[in-house]
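Here is how the chains run, residue by residue.
2 protein chains.
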Amino acid sequence: MKKILPQGLEPRDAYRLLLSAIAPRPIAFVSTVNKKGVPNAAPFCFFMGVTPSPPTIAFSVLRRGDQKKDTLRNLESTRDFVVNIVDEALAQAMNIASGSYPPDMSEFDVAGLTPTPSEIVTAPRIAESPVHLECKVRTILELGDLPAAIVVGEILCFHVHEEFVKDGIIDVRKLKPLGRAGENLYARFSDIFEMDMPA
Amino acid sequence: MKKILPQGLEPRDAYRLLLSAIAPRPIAFVSTVNKKGVPNAAPFCFFMGVTPSPPTIAFSVLRRGDQKKDTLRNLESTRDFVVNIVDEALAQAMNIASGSYPPDMSEFDVAGLTPTPSEIVTAPRIAESPVHLECKVRTILELGDLPAAIVVGEILCFHVHEEFVKDGIIDVRKLKPLGRAGENLYARFSDIFEMDMPA
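Line by line, the protein sequences give chains P and B.
Note that our numbering has the first sequence beginning at 143, numbered continuously upward.
Note that our numbering has the second sequence beginning at 143, numbered continuously upward.
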C-alpha cells in the first residue's frame with residue numbers, strides 16, 4: 143500500500159486527500175439569520191448525526207484565516223438554524239451559495255432561493271429544499287488550536303415534502319439525497335443494495 | 143409539507159427518521175485494541191471531517207444503556223485507532239462486525255478479518271480494507287446528558303491501496319466507497335456528476 147504522511151503535504155493537497163477519504167458525505171445546507179435580519183445560507187459537508195434521542199446533529203465550521211464564517215457568527219448570536227437537505231434539483235443553487243459573499247449580501251438573493259418562515263426557530267427555511275430540520279444550538283465546541291468549531295444542534299422539528307414521506311421516514315430511494323466526495327464530485331443515492339443487520 | 147415533532151415519536155421511530163434524513167453517510171470501520179491485546183473492529187456512520195490541517199476527523203459513539211461500547215473503552219485507555227474505509231468487498235464483514243459481542247471476543251475472528259500492524263499507532267489495521275487512516279485521539283467530548291460521546295482524532299498516516307491512488311488522492315470513482323442510509327440501505331458512489339465550485 144502507498145503510505146502518505148500528512149506533514150509532508152502542502153495544506154491544499156492534505157485537504158484534497160482528506161476529502162477523497164471521507165466519502166460520500168451528506169450535505170447540510172444551513173440557513174441562519176443575522177441580527178439585522180439578513181438571511182444566510184451555506185452548505186457544509188463535514189456533517190453527521192450525534193444521537194437519535196433527542197435527535198441531535200453536528201457540523202464543523204472551518205475558519206477562513208482569522209475570520210469566522212457568517213454562519214458561525216449568526217449561530218453565536220441567534221442560537222438557531224435550519225438544515226435543508228439537498229437533492230439534485232437544489233444542487234446548482236447550493237453550489238452558488240458555497241461562494242464567498244459579504245455579510246450583508248444574502249445567498250438567498252444570489253442563488254435565487256426562497257426563504258420561508260420556520261415554525262419554531264427564527265432562521266428561515268429554504269422553500270426549494272425537500273426536507274427541513276429546525277435546530278437549536280446545543281453547544282459550540284471550540285477545539286483549542288484547531289481552525290474549526292463543531293456546532294452541535296438539537297432537531298426540534300422535521301419538515302418533509304409529502305411526496306418523500308414513507309412509513310414515517312424519508313424515502314431516500316425517491317429523494318436521492320446528494321453525496322459529496324472530493325474533486326467537485328457528487329453522487330445521487332441510487333446504486334443501492336440492502337443488508338440486514340445481524341440479530 | 144408534513145411536519146414531524148420528535149417528542150411525539152417513540153425512540154425507535156425518531157432514530158429511523160434521523161437515519162433517513164442524514165444520508166448518504168460515510169462509514170468509519172474503526173479498529174482498536176484493548177489493554178489485553180484483543181483487537182476490536184466496529185463500524186460507525188456518525189462520522190465526519192473536522193479540519194484539513196492537521197487532518198482531523200470525528201465520530202459519535204452512542205452509549206448502550208449505561209454501557210460504554212468496547213471501542214470507546216479502548217480509546218480511553220490506548221488513545222489510538224485506525225479508520226478503515228469500506229468498499230463493497232468489505233461490506234459483509236463490516237455488517238457482521240456491527241453486531242454485539244463480548245469484550246474478549248474479537249470481531250476480527252467473528253467476521254474473518256485480518257489484523258495487520260500499523261506504522262505509528264498500537265491499533266491494528268484491517269488488511270481487507272483499501273484505505274487505512276492511522277489516528278490519535280485528540281479529545282473525547284462528553285455531551286452532558288446526551289447518550290453519546292464525540293471522538294475527535296488526528297490522522298497521523300494515510301495508507302491507500304496502490305490501485306486506488308490517483309494524483310495524490312483516492313480515486314473514489316474506482317473505489318466506490320459505500321454510503322449508508324436508513325433501513326439497511328447502502329449505496330455505491332457510482333451515479334456521479336461534477337460541479338465546479340464558484341470562483
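One should not assume that every hint holds.
Chain copies aren't distinguished; within one or between two, either way the pair holds.
[Stated by the list, open to error] For lysine-lysine, the following DSBU-like pairs were computed, each having C-alpha atoms within a straight-line distance of at most 35 Å: (1) K144 to K278; (2) K316 to K145; (3) K144 to K308; (4) K177 to K308; (5) K316 to K177.
These aren't lab readings, by the way, just hints derived from the structure by calculation.
Going down the list of hints, with the structure as the test:
1. In the homo-oligomer, the alpha carbons of K144 and K278 lie at most 35 Å apart only across protomers (20 Å), although the nearest pairing inside one protomer, at 43 Å, exceeds that limit.
2. Taking the closest pair of Cα atoms, K316 and K145 come within 35 Å of each other only across two copies (19 Å); inside a single copy the shortest separation is 40 Å, beyond that limit.
3. Only between protomers do K144 and K308 lie at most 35 Å apart by alpha-carbon distance; the minimum there is 11 Å, versus 44 Å within a single protomer.
4. For a Cα distance limit of 35 Å, the shortest separation of K177 from K308 qualifies neither inside one copy, at 38 Å, nor across copies, at 46 Å.
5. Taking CA atoms no more than 35 Å apart as the test, K316 paired with K177 passes in neither setting, with 37 Å inside one copy and 46 Å between copies.
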